[in-house]
Amino acid sequence: MDQDLHHLTIAQASRMISERKVSPVELTQAFLGRIAMLDGQINSFILVLEEQAMAEARVAEAEIAAGHWKGPLHGIPIGLKDIYNTAGIATTGHSALFRDHVPAEDATTVRLLREAGAINLGKLATWEFAIGGTSLDLPWPPARNPWNTALDTSGSSSGSGAAVAAGLCMGAMGSDTGGSIRGPAAWCGIAGIKPTYGLLSRRGILPLSFSMDHAGPMCWTAEDCAIMMQVLAAHDHLDPGSADVPAPDFRGAIGTGVQGLRVGVVRHFFEKDIETDPEVVAALEASLDVLRGAGATISDVTLAPFGVYGAVGSLISRSEAYAVHEHWLKTSPEKYGAYGRRRLMAGAFVEAADYVNAMRHRARLVAELAEVMRDVDVLVFPTARGTAEPLGEDSMAGPPTRQPFFNRAFNVTGGPAVSICDGFSRAGLPLSLQIAGRPFEDHLVLKVGDFLERELGTRATRPVLSDAIAAAAE
Amino acid sequence: MPDTDIVQRLRQAGLRIADEELTRMEDLARSHDAAALRLRASLKFGDEPSNVFRLPMPQERRS
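Chains W and D supply the protein sequences, listed in that same order. Quick note: the first sequence uses the numbering used here, first residue 1, plus one each step. Quick note: the second sequence uses the numbering used here, first residue 475, plus one each step.
If you're looking for bench data, these hints aren't it; they were derived computationally from the structure. Everything numeric in this text was worked out from a predicted model, so none of it was measured. Watch out, some of these pointers could steer you wrong.
What the simulated footprint calls covered on chain D by chain W, stretch by stretch (three residues with Cβ under 8 Å from a Cβ of chain W suffice, anywhere in the stretch; the number is not a length) [claimed, not checked]:
| no. | segment |
| --- | --- |
| 1 | 486-495 |
| 2 | 502-511 |
DEER-style ranges, computed between Cβ atoms [stated by the list, open to error]:
| no. | chain 1 | residue 1 | chain 2 | residue 2 | range |
| --- | --- | --- | --- | --- | --- |
| 3 | D | Pro523 | W | Pro246 | 30 to 40 Å |
| 4 | D | Arg490 | W | Asp100 | 50 to 60 Å |
| 5 | W | Ala286 | D | Leu511 | 35 to 45 Å |
| 6 | W | Asp100 | D | Ala487 | 44 to 54 Å |
| 7 | D | Pro523 | W | Glu285 | 52 to 62 Å |
| 8 | D | Gln486 | W | Val356 | 47 to 57 Å |
Don't be surprised by glycine CBs; every beta carbon is placed ideally from N, CA and C.
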């Protein structure tokens, strides 16, 4: 039994917990054992909270035994990107600068997960302060890709992507300022959603770019993301960007079909703006065929060239990140890794006029997108231009036509975007597809993601290497 | 430290990095300059009003 627990989805495990076919203690023990056995290969955790997790699991077990099942996250083992504040537990940002930073309070999202009964297994690796890149000069090693440990996970939610893909936790929290949930979701072959700006609180999450930071879940399936979103989507008056809106019924939308759905394909993104691997395009076309066959209508749409989103996004995010880090960059630059230091310092060179004009241009991009989305319900395009690249290469470097991801457009404009695995390359690496929607229609993009995952059958294939390592260790 | 443009820009900002990082820093600065130039070239704002104080993302559900 233990051998199979790590391959359950949250939906499956929560059903078994509620029916008392598996206990939170069994589940937590299974994951802690797997972390001990495997994580040395992929470095997804920088802190494992073994005792705390077991204590939480025992409490959950007692509550459920007493008939107080709280809902589908009760007793479910998860992990947190190490930029989420945890009361009394170091929150480092994967940086020497914050090595001794111990917050007094949980982040709002951490509190919500705790109240829902989720078990926190530990703190997960990240690019330094969610920007630094895959760095070898930090106090902890970078996460590695479980599909091939010589490859990168992408970032910045690197540990979250690796841990979920390797079956070291059932769900994880990531953050997405320029694609940091969707990039690692794509390269690690899992699902990850950047929710609508303001839908999830960012209170207690180390900030990077105030107007583009988003919190969000990363899971093996889109359905599991929906389960986590149901707990996480709540107005927080302590986050000035938080939207006071009722949460949609994320899970209720799952399985309701795509008949009549209007799908817009942003074809120029991957045919003109960014050079894209033919295998990525072939998988996307196959996904479109599936949607068409199920009664969706497919049409091409035109947005601003992707490079415009990139220019607007980089000028804004680097300026805002520099505002956050300026003091430490001036007083303790040696405590940053080289990637993080350079990327953050570069924000000092953005002129005020360019920042303001980027914000003005951003408003135009929001309006343009809203106009396009009068005629379609969701947009579809790839998440990544190719499969995972070798560990340590600067995946964000290179000319605009070879940027690795199609993510920034929705950080700039704020709508929801989910990345799912829509197939595998000839080399056996995950391919990815992105579904984006209108603001606050996060349930719709998750529904389409779930539909495609089921129809394409991609969720039956797990990373082989992690199993091979497990077998070798027995 | 050589007296290059990037060194002057760093000094002006009150920042310092090691000599061996200067080239990569220059690359980053150049990419930001290119992004700014791209926007300047495509924007003709004229008298068009803009509200940069309110984030352009919707804070309320769209009707």
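Verification of the hints:
Taking a C-beta to C-beta cut-off of 8 Å, the segment 486-495 of chain D contributes 6 residues in contact with chain W, enough for the three needed, and the coverage statement holds. Chain W is given as covering the segment 502-511 of chain D, and this holds because 8 residues of the stretch bring a CB closer than 8 Å to a CB of that chain, at least three being needed. Hint check: D/Pro523 to W/Pro246, Cβ distance near 32 Å, so the stated range 30 to 40 Å holds. A beta carbon spacing of about 24 Å between D/Arg490 and W/Asp100 contradicts the range 50 to 60 Å that was offered as a hint.
At about 39 Å, the beta-carbon gap between W/Ala286 and D/Leu511 stays in the expected band of 35 to 45 Å. For the pair W/Asp100 and D/Ala487, the supplied restraint of 44 to 54 Å is violated, since their beta-carbon distance comes to about 27 Å. Against the hinted window of 52 to 62 Å, the Cβ-Cβ separation of D/Pro523 and W/Glu285 comes to about 43 Å, which falls outside the hint. Hint check: D/Gln486 to W/Val356, Cβ distance near 20 Å, so the stated range 47 to 57 Å is violated.
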